[in-house]
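A.B. asks: Sequence:
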Amino acid sequence: MKLILIVSLFALSGLPQTAAPQGHAQSTSVHQYVDPFIGTEGLGNVTIGPSRPFGMVKPGPDNLTTANSGYSPDLKHAIFGFSQVHVSGTGGGPKYGNVSVMPFTGDFGTIEHTSERKDETTSLGYYAALLTRPNVKTEITAAAKVAYYRFTFNNPGARGILVDAGRFLNEATAPRVADAFYLVAESQLLVGSEVEVVSDREVRGYNRVRGGWNDGNAYTVYFHAVFDKPFTQFKTWKGSKLQPNVRVQFDSGDKTGAMLSFKDEADRTVQMKVGISFLSTAKAYQNILAETPGWKFDDVLGETQQAWEKLLSRVEVDKNTPVEYKKMLYTGLYHTMLMPADRTGENPGWASRRPYYEDFYAIWDTYRSSHPLITLVAPQRQVDIINAMLDIYEFDGYMPDARSGGTNGLTQGGSNADVLIADAYVKGLTGIDYELALQAMLKNADVPPGGNEKKEGRGGLTDYNTLGYVSHNFPRAGTRTLEYAYNDFNIATLAKGLGKQDIYRRFAKQANNWQNLWRDIGSMGARGFIMPRDAKGEWVDTITCNVKGKSQRTYAPVDVDYGQCVCWWCSFLYEGNSWEYSLYVPHDVAGLIEKSGGAAAFKTRLDTLFNKKYFNIANEPSFLSPNLYHWVGQPEASSARVHEIIDKSFNAGRSGLPGNDDSGATSSWLVFHLLGLYPNAGQSYYMITTPYLTESVLRLGNGRSFKIVAKGLSASNKFIVSAKLNDVPFARAWIEHKEIDAGGVLELQMGDKPAAWGAKEVPPSMRF
0 MKLILIVSLF
10 ALSGLPQTAA
20 PQGHAQSTSV
30 HQYVDPFIGT
40 EGLGNVTIGP
50 SRPFGMVKPG
60 PDNLTTANSG
70 YSPDLKHAIF
80 GFSQVHVSGT
90 GGGPKYGNVS
100 VMPFTGDFGT
110 IEHTSERKDE
120 TTSLGYYAAL
130 LTRPNVKTEI
140 TAAAKVAYYR
150 FTFNNPGARG
160 ILVDAGRFLN
170 EATAPRVADA
180 FYLVAESQLL
190 VGSEVEVVSD
200 REVRGYNRVR
210 GGWNDGNAYT
220 VYFHAVFDKP
230 FTQFKTWKGS
240 KLQPNVRVQF
250 DSGDKTGAML
260 SFKDEADRTV
270 QMKVGISFLS
280 TAKAYQNILA
290 ETPGWKFDDV
300 LGETQQAWEK
310 LLSRVEVDKN
320 TPVEYKKMLY
330 TGLYHTMLMP
340 ADRTGENPGW
350 ASRRPYYEDF
360 YAIWDTYRSS
370 HPLITLVAPQ
380 RQVDIINAML
390 DIYEFDGYMP
400 DARSGGTNGL
410 TQGGSNADVL
420 IADAYVKGLT
430 GIDYELALQA
440 MLKNADVPPG
450 GNEKKEGRGG
460 LTDYNTLGYV
470 SHNFPRAGTR
480 TLEYAYNDFN
490 IATLAKGLGK
500 QDIYRRFAKQ
510 ANNWQNLWRD
520 IGSMGARGFI
530 MPRDAKGEWV
540 DTITCNVKGK
550 SQRTYAPVDV
560 DYGQCVCWWC
570 SFLYEGNSWE
580 YSLYVPHDVA
590 GLIEKSGGAA
600 AFKTRLDTLF
610 NKKYFNIANE
620 PSFLSPNLYH
630 WVGQPEASSA
640 RVHEIIDKSF
650 NAGRSGLPGN
660 DDSGATSSWL
670 VFHLLGLYPN
680 AGQSYYMITT
690 PYLTESVLRL
700 GNGRSFKIVA
710 KGLSASNKFI
720 VSAKLNDVPF
730 ARAWIEHKEI
740 DAGGVLELQM
750 GDKPAAWGAK
760 EVPPSMRF
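Per numbering that gives the first Met the number 0, the very first residue in the sequence shown carries number 0; after that it's consecutive.
Simulated from the structure, these hints should not be mistaken for lab results.
Careful: at least some of the hints might be erroneous.
With beta-carbon atoms standing in for the labels, derived distance ranges [claimed, not checked]:
1. 238 <-> 445: 44 to 52 Å
2. 379 <-> 617: 25 to 33 Å
3. 262 <-> 318: 44 to 52 Å
4. 190 <-> 77: 21 to 29 Å
Yeah, the Cβ is synthetic: ideal placement off N, Cα and C, and Gly gets one too.
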């Protein structure tokens with residue numbers, strides 16, 4: 000097992016720079032610090048191939064069909080192709096991996112070609128590896144909707160490229176569903192494929208599958224591939240039968256593909272562009288013409304790097320910042336902005352003038368820090384994302400909490416698109432129809448989603464709206480109740496701002512529903528926990544679940560071991576136990592402290608959470624917890640916990656993420672804390688903690704800049720003892736979004752021991 004490099008704040012060891020593509024000088028631009036290898040080992044599940052910001056196309060190597068990204072860094076797994084559509088950092092079952100291409104030499108009588116690899120390198124917008132079996136160097140870059148390949152055949156002889164229209168990740172012949180204790184990874188199933196050789200330089204077709212991660216409806220990935228050189232011979236196949244010179248293999252529900260032969264000549268490179276569309280092959284070809292009209296690989300790579308540079312450079316750091324921190328920061332920003340995918344103009348479901356985004360995978364993961372980070376760095380992008388969610392509501396019935404392949408689902412907990420809307424409203428984002436948004440939020444709150452409660456809306460809604468909680472009759476009842484209460488607070492926030500007093504009063508009251516599952520019992524010195532109740536109001540004392548490596552066992556829900564249950568989908572709490580979830584009341588931390596026995600008892604409770612290692616940074620329900628010390632007037636304790644977590648769980652190596660990145664959720668948590676800020680999503684402020692950077696500058700969407708300076712930051716000076724905002728003393732350990740948006744300088748004076756800074760005025764608790 001590889002030893003994980005532990006990066007501390009003040010003691011760093013050097014790491015090699017990720018290789019830049021041959022022929023490109025390493026610049027001083029910030030994009031050079033993006034290392035796509037970070038998070039590829041362990042449970043990060045990040046995609047390694049190139050992409051534009053929020054790009055629709057994400058080409059890359061596939062060597063493990065059950066990996067969410069299709070990729071494993073383990074060299075024992077041979078590459079079987081390079082597909083054009085991937086997701087990044089996700090958990091659950093894989094999705095996509097459509098339209099695979101593979102260079103080969105030698106055997107032209109089989110459609111199965113795999114290869115080991117070596118000299119694998121990657122940098123922002125670029126991937127390369129030597130496929131050792133055919134001795135072919137494969138290089139990839141990407142535009143927004145076009146994958147661009149450069150194959151260098153090093154051996155003389157016949158050269159071939161497979162275009163496999165039938166391949167995709169996680170294939171099965173029958174659906175795989177949850178049993179009583181497990182959610183088996185959802186498989187994708189073939190619906191059909193088609194391939195056509197258009198000319199001696201063009202192949203087009205499509206891949207149609209259904210199922211996958213969200214058990215979604217069938218989706219179709221259309222492609223058009225063009226080459227810079229003519230192929231001299233070709234074969235196509237249906238099923239496993241190769242047929243020479245047959246130009247079209249029509250869709251009969253079987254797998255299809257094309258095998259192309261290229262002449263052996265002095266120039267040993269073959270370039271290939273694969274345009275992708277979700278509408279038609281004609282649109283896929285149009286995407287090639289619009290985005291990559293020539294045959295200059297390096298130019299497309301440069302354009303991709305500059306697209307990222309424009310975005311990433313909105314966060315600047317002091318030039319003396321250690322390289323490791325730059326890599327962690329800019330790679331974290333990069334991971335945050337890979338998803339959701341911008342498919343504007345590529346929606347097969349309906350015509351609309353609004354932007355269209357896909358692969359919310361899932362908002363349950365990303366609402367907490369990813370979308371607030373996008374709001375800070377690229378606010379117009381967040382406006383577009385919210386307008387896309389409203390478009391989905393208008394044309395497909397509900398806003399998504401999760402969505403992929405044109406289908407809503409899987410909804411883990413609350414209707415957390417509500418949080419994104421409230422967050423945008425309180426932070427002053429314009430260009431959003433907030434009246435329509437309120438309608439969409441009210442549908443979540445009032446209309447049960449029907450038969451499939453994991454697809455959209457609020458499962459267990461009838462219970463919630465009659466009992467004030469989701470009863471134990473429904474899975475994830477605890478998670479749902481807590482999140483619905485916060486979603487109700489989000490509705491109240493928007494309704495109040497729009498002057499809808501009746502709606503405001505109703506949902507302000509319902510925001511207290513978390514208290515209906517608060518039971519006055521003790522554990523490990525803490526008092527009061529979120530516990531299940533049945534529909535009659537009786538407490539449920541024990542829960543049976545299956546635990547990895549153990550037989551079926553029965554737990555009290557407050558038991559920390561309950562978090563080991565395998566079946567998150569059928570449990571009382573999703574991805575956590577009651578020690579973690581009993582701290583999730585983001586709108587009423589003051590009320591939570593009161594329920595817990597007061598500030599001193601709450602401080603002790605937090606200490607127990609961390610000292611006993613009940614906290615799990617790999618799962619999102621714990622994301623806010625390290626900052627809860629702010630509400631007892633001890634922001635220095637929040638800082639200490641944050642640094643403890645980062646130093647032990649994050650680094651600039653390939654194992655640099657502690658768990659699934661979840662579409663950038665974990666990366667965005669890291670980025671905020673490197674800067675010394677953390678949002679309470681859906682509300683208008685950020686907690687301030689000791690940053691890892693002596694200076695950072697946020698280039699805001701309004702043309703202003705906001706600078707954070709940690710004066711005297713060092714190994715011995717790690718406590719914030721005082722602060723100034725624009726040269727005016729600043730006593731709060733939290734800052735409003737409008738104060739950042741106005742621009743200026745936040746100056747933190749660091750000292751060698753804690754002071755009283757931030758103790759008097761704790762962050763807001765919106766109690767009703």
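A.B. asks: CB of residue 262 to CB of residue 318, is that within 44 to 52 Å?
C.D. replies: Holds: the Cβ-Cβ distance is about 51 Å, inside 44 to 52 Å.
A.B. asks: That 21 to 29 Å hint for residue 190 and residue 77 (C-beta), does it hold up?
C.D. replies: holds, 27 Å
A.B. asks: Please check whether residue 238 and residue 445 have a Cβ separation lying inside 44 to 52 Å.
C.D. replies: Holds - the Cβ-Cβ distance for residue 238 and residue 445, about 50 Å, lies within 44 to 52 Å.
A.B. asks: That 25 to 33 Å hint for residue 379 and residue 617 (C-beta), does it hold up?
C.D. replies: holds, 32 Å
The structure is consistent with each of the numbered hints, conforming to all of them.
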